[in-house]
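Top to bottom, those sequences are chains A and G. Read left to right, the first sequence gives residues 1 to 356 (my numbering). Read left to right, the second sequence gives residues 1001 to 1180 (my numbering).
Listed next, the in silico BS3-like pairs over lysine-lysine satisfying Cα-Cα at most 30 Å (straight line):
1) A:154 / G:1137
2) A:47 / G:1101
3) G:1143 / A:142
4) A:142 / G:1142
5) G:1127 / A:142
6) G:1127 / A:154
7) A:52 / A:82
8) G:1080 / A:47
9) G:1101 / A:52
10) A:288 / A:82
11) A:61 / G:1080
12) G:1080 / G:1106
13) A:142 / G:1171
14) A:71 / G:1127
15) G:1106 / G:1127
16) G:1106 / A:47
17) A:154 / G:1080
18) G:1142 / G:1127
19) A:311 / A:71
20) A:142 / G:1167
21) A:154 / G:1171
22) G:1127 / A:68
23) A:154 / G:1101
24) G:1137 / A:142
25) A:52 / G:1080
26) G:1101 / G:1137
27) G:1080 / G:1101
In case anyone wonders, no lab produced these hints; they're calculated from the structure.
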Amino acid sequence: MMSLQNFMNEAISPWMKEEGPDSDIVLSSRIRLARNFAQVTFPIIAKEEDLKPILDFFEQKYAHQSFKEYKNFELVAMNNLKPIEKRVLVEKHLISPHLAEHSDHSAVLISENEQISVMINEEDHLRIQLYYPGFQLEQALKRASELDDWLEEKINYAFDENRGYLTACPTNVGTGMRASVMMHLPALAMTQQVNRMIPAINQLGLVVRGIYGEGSEALGNIFQISNQITLGKSEEDIVEDLQSVVRQLIDQERRARETLMQRSGIQLEDRVFRSYGVLKNSRIIESKEAAKCLSDVRLGIDLGFIKNISKNILNELMILTQPGFLQQYAQETLTPDQRDIRRASLIRERLQLEKK
Amino acid sequence: MECQECHQRPATVHLTKVINGDKTEVHVCEQCAKEKGYGESSFSLNDLLSGLFNFDHASSLGSGTAPSSKQPAQQLQCPKCGLTYQEFTRIGKFGCAECYKTFDDKLNPIFRRVHSGNTEHNGKIPKREGGNLHLRKEVEQKKHLLHQLIEKEEFEEAAKVRDQIRKLEKKLQNEQGGDE
Chain A
1 MMSLQNFMNE
11 AISPWMKEEG
21 PDSDIVLSSR
31 IRLARNFAQV
41 TFPIIAKEED
51 LKPILDFFEQ
61 KYAHQSFKEY
71 KNFELVAMNN
81 LKPIEKRVLV
91 EKHLISPHLA
101 EHSDHSAVLI
111 SENEQISVMI
121 NEEDHLRIQL
131 YYPGFQLEQA
141 LKRASELDDW
151 LEEKINYAFD
161 ENRGYLTACP
171 TNVGTGMRAS
181 VMMHLPALAM
191 TQQVNRMIPA
201 INQLGLVVRG
211 IYGEGSEALG
221 NIFQISNQIT
231 LGKSEEDIVE
241 DLQSVVRQLI
251 DQERRARETL
261 MQRSGIQLED
271 RVFRSYGVLK
281 NSRIIESKEA
291 AKCLSDVRLG
301 IDLGFIKNIS
311 KNILNELMIL
321 TQPGFLQQYA
331 QETLTPDQRD
341 IRRASLIRER
351 LQLEKK
Chain G
1001 MECQECHQRP
1011 ATVHLTKVIN
1021 GDKTEVHVCE
1031 QCAKEKGYGE
1041 SSFSLNDLLS
1051 GLFNFDHASS
1061 LGSGTAPSSK
1071 QPAQQLQCPK
1081 CGLTYQEFTR
1091 IGKFGCAECY
1101 KTFDDKLNPI
1111 FRRVHSGNTE
1121 HNGKIPKREG
1131 GNLHLRKEVE
1141 QKKHLLHQLI
1151 EKEEFEEAAK
1161 VRDQIRKLEK
1171 KLQNEQGGDE
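All chains, full assembly: derive it from the sequences and hints.
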């Protein structure tokens, strides 16, 4: 159970420690594929006797296996986890909130470096997820497709010539693919440009969300952008369309940063160091304020105002200061007030570590 | 969650009754709800969501949740999982792969709406489940290309493509023959 402990205790997954292309703006790229067993009713309707064999099948065929550079898959049954532990996995994006809520006969298969997670008996029988650091959608798609082929060697997928991969929800049918990127867009947010861009992005068949998916707020100026359409376009075309929008957003964000530096460099520097001061000194801090300050500090690192702090501090502390992680760290249930105190001290400790 | 009444079909009607401060929750399927008279005046969140899918009988929207039992579509029921078309439009989810065949006639308008006008898959084909679909798609693409080349009067290139198509079709024939 060594790895389960790692999943729980380390806020950032091993794969996140590597720096990907355009990592000053794109934090991560993800491909998710929805797949179902051809002969089994989908989890929303299925009974125990339908779902249990799928779980057993994964235990037998895939637990402790390796695929390419992804070693030692661990199968974690949801029913064996405490609520806080599930929350930690959600905060790390290794499982969805849906899986955490529907724990009977569900599980997740995670590779040692946490780059791959396959949710079992979520809304679909399989939700295959693969992450890459930075802006690497094409690479992620290639790998995810290989992983999909590897799984298909032993599984008869629900597939139809005309409709493609069959999924529980009509919004996923066809490719079953959701490609997404996490972007840090502080300058576009500061200059009020993001809100104007969202409707245009939506018109292109893409969706903009907050860091924790549907309905969540863009905490820390982190935005998730993904494809809406899964039917009628090939995986490669979907990824290409998403990529071209992401590339434009990267350009726009860089331009907005430059303009801000030129026109109000001192104000920007002031803002960055004030936020740094808050993180270094506060004794009580709410998650919203923490996220805002972390975003400022990360921008300060990117612009060269702050040195000797690793860029990962944003990703790491954003996750580490979520309610589940704070409580996992404290090893007890905390009230919101207690959490704000814990959060402040945890951030101070973490920044202290950076100074060495 | 299964229906509290029949314990067979999935519960798609969820009601909370508050009588003199006593709260009771009821989870039943469409059919039992109708039989037991639940939900006559209810309007669930799923009704709102299913507005997206409920495409071919706009008339039923005006009268709230009035059961449109006269519609033959509502009688459709998946032989594998038991999901009815009405339940499908209500929960907005399929029950199994077979549902796609059962409700096939009704799906194009829904898919068109959700996927910007698209109704047919154009992406990856699984290696094993896909059978010879790879080959057939390739032939289709090449034929399309051939057509374009002829229009552009690039006959030399067109001849090459024609030969490729012949080869592929032969391969297809052999494979189909081998299957039998």
